[in-house]
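Novice: The residues making up each chain are set out below.
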Amino acid sequence: MEGAIIQEGVRQQIEAIGDAEILVGIPSFNNAGTIGHVVRAVQTGFAKYFPGNKCVLVNSDGGSSDGTMEVVKDTTIDDPNAILLHHQIGPVFKITTPYHGIPGKGSAFRTIFEIASALDVKACAVVDSDLRSITPEWIELLLKPVSEHGYDYVAPLYHRHKYDGTITNSIIYPVTRALYGKRVRQPIGGDFGFSGTLARYFLTKDVWGTDVAKYGIDIWMTTTAIADGFKICQAFLGAKIHDPKDPGADLSAMLYQVVASAFGLIEIYPHVWRAVSRTEPVPTFGFQYAVGLEPVSVNIDRMIERFRLGVKELSDIWNEFLSKDTIDFLKQTASPAKKFYMPDEMWVAVIYEFAIAFHREIINREHLLKSLTPLYVGRTASFVIETAESRAQEVEEKIEGLCEVFEEKKSFLLKGWEN
Amino acid sequence: MNLFERVIIEPFARLTEKVLLFLPNFLISLLLLAVGIVVGWLLKVILTRILRAIRLDSFFETSGMTEVMKKGGIEESLSGLLSKVMGWIIMVVFAVIAMRALEIPTVERLLERFLLYLPHVFASVVIFFIGYLLSNFMGRAALIASVNAGIKVSGLIGKFVRLAVLILAVTMSLEQLGIGSGTVAIAFAILFGGVVLALSIAFGLGGRQIAREYLEEKMHGEGEEDEINHI
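Read top to bottom, the protein sequences are chains A and B. Count along the first sequence from 1, then add 549; that gives the number in my numbering. Count along the second sequence from 1, then add 745; that gives the number in my numbering.
None of these hints come from the bench; they were simulated from the model. Keep in mind the model is a prediction, meaning the values are calculated, not measured. For glycine and all other residues, C-beta sits at the position ideal for the given N, C-alpha and C. Check the hints yourself; a few may be wrong.
Derived contacts from chain A toward chain B, CB cut-off under 10 Å, selection only [as the list claims (entries may be wrong)]:
(1) L800
(2) S801
(3) K861
(4) I911
(5) S920
Lysine to any residue pairs mimicking SDA-like chemistry, simulated, CA-CA at most 25 Å apart [claimed, not checked]:
(6) A:K964 / B:S803
(7) B:K897 / A:R851
(8) B:K829 / B:L792
Rough simulated footprint, nothing fancy, chain B against chain A, three-plus residues with beta-carbon under 8 Å [stated by the list, open to error]:
(9) 707-717
(10) 846-860
Could you build all of it, start to finish, from the sequences and the hints given here?
Specialist: Rendered as structure tokens:
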């Protein structure tokens, strides 16, 4: 398995390094503009918090043409005084390698897991290559719960703008929480810490030809860690600020990959989620503080327009699996005469009915989940309208309320699943 | 030899001789037909059970084929339909063998032509069926993609894609049957080319402003683009 994806040159590097204790992986694709900062933060994190350990930085690249890999190779900590280091900075081993397989974040992670496994590391972390808010403390917060407290999986906890992470807030967090019982606030945050044992466990799963190899990797890692009984926690990392989103990124493809992975996992772990009847918080590391966040502009009118277009054109498709009540409600909501509002109860019904249709394979699964896009856009518009004047804490309470509805209506999913 | 013998007895004797010669073939033919009916019926029953055991219907339901068949007015399950078709094919094959057993030259010539044409009919039906399924699948994919791209005429795009694939399937299907092989292809090309040309002219003349705005938006970026990071 390893030989299939680790290149010969990398293999020689691994042999030269021998064993390592700490590894941080950075997946990348054309991130030359931002990856330098991330690499510096990681190297400084190694120097400050793991001075006595053998640390490895792995860049798993998707074939960048802008010199991303060269930036990783050339980046060093220029001035130790600037970061208040008084001890000697040890060498940091760097491995930069293109990954193989389906183009996507998951394939990049797989290469990182393979290298972690080959080096027999104790604690690993992965961080995004477009982060502008990463600090050396992130490395400590993601790795020390593993290396010093015996946790297997560290999910991130950030302060984000109230309109950021809407797939997380409206689908993935509430569904993961209601089904598996753990309140992991950012299940698809993108920056995670995990043990070498868990990295090896991930490699035993045959998922690398599915959507897990793309955007589905984050939810897959989190759900696998929870459902298979690994010890999990969260680490507060402060603000998550990254490059503006890729304008070419297709929302419906992204939504499909993430939701298909989440729904696919519901099929893998019915024995786990059926038995869960209540949810519990997970231990959280890190000192929490308020942060200033960059504003996010939203075009609500266009979002509502997309929702209405979806209701007009896709109702025939939805008729095959959504209940009559849901369809009637969506048609009423789409009416320009009414104030635009999609209540939590209705959104939960939509998601659970889609999950049941996915399970029963009523129509082609890609068509099914891509037809969810206008409804998701409509729900996001409704959320933006509702929280326009709300502070961060109030928004968090609103999301908490949505999670409770998902938990209350879980029996509906159970019933639909079994019929 | 008297007249009676020449006019009545001899032809009757020849007829009797011919009938006696033909009779075994006729009986064999009848027997083959009966065997064909029984084998065809048995195959239909066995195949229905096998296809139900391997849950073929639920597989086709997920692939959308059942839905397509229902839209086409076929209410029967696919396993039932396939079994019936196979049963009928066996019966027809036995009927053909039975007719050949009669050893009538005219029938043999007709059968030969029929048998040579049969694969074309089969290929034509298969092509049409696959084309029909594909047209529904692609029409739905185009509809969803257009809605997600915010195109207001999404319904029209979905229908157009569906119709284009269906016309292509019909053209290929008719070509298999040898019906206007060249003409049908040319007619399709003219029709398709005409639609594209009409759309180009309509967009060029009627939608100059929209085209300019669209290109400007693409060149200079969309001013009102959302900045939401969904994940």
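Novice: Compare the structure with each hint and give your call.
Specialist: Do the hints match the structure? See the list:
1. The criterion of a C-beta within 10 Å of any C-beta in chain B is met by L800 (chain A), whose closest approach is roughly 6 Å, and the hint holds.
2. Contact between S801 (chain A) and chain B, as hinted, is supported at the beta carbon level, the nearest pair being about 4 Å apart and thus within 10 Å.
3. For K861 (chain A), the interface hint holds, the least distance from its beta-carbon to any beta-carbon of chain B being 8 Å, beneath 10 Å.
4. Nearest Cβ of chain B to the Cβ of I911 (chain A): about 8 Å, under the 10 Å cut. The hint holds.
5. Contact between S920 (chain A) and chain B, as hinted, is supported at the beta carbon level, the nearest pair being about 5 Å apart and thus within 10 Å.
6. Taking the CA atoms of K964 (chain A) and S803 (chain B), the gap is about 20 Å. The hint holds against a cut of 25 Å.
7. Proximity of K897 (chain B) to R851 (chain A) is assessed by CA-CA distance (about 12 Å); at most 25 Å being required, the pair is judged to hold.
8. Proposed proximity of K829 (chain B) and L792 (chain B) is supported: the alpha carbons are some 9 Å apart, at most 25 Å.
9. Counting residues of the segment 707-717 of chain A whose beta-carbon sits less than 8 Å from any beta-carbon of chain B gives 6, enough to reach three: the coverage restraint holds.
10. With 9 residues carrying a beta carbon less than 8 Å from a beta carbon of chain B, the segment 846-860 of chain A meets the three-residue requirement, and the given coverage holds.
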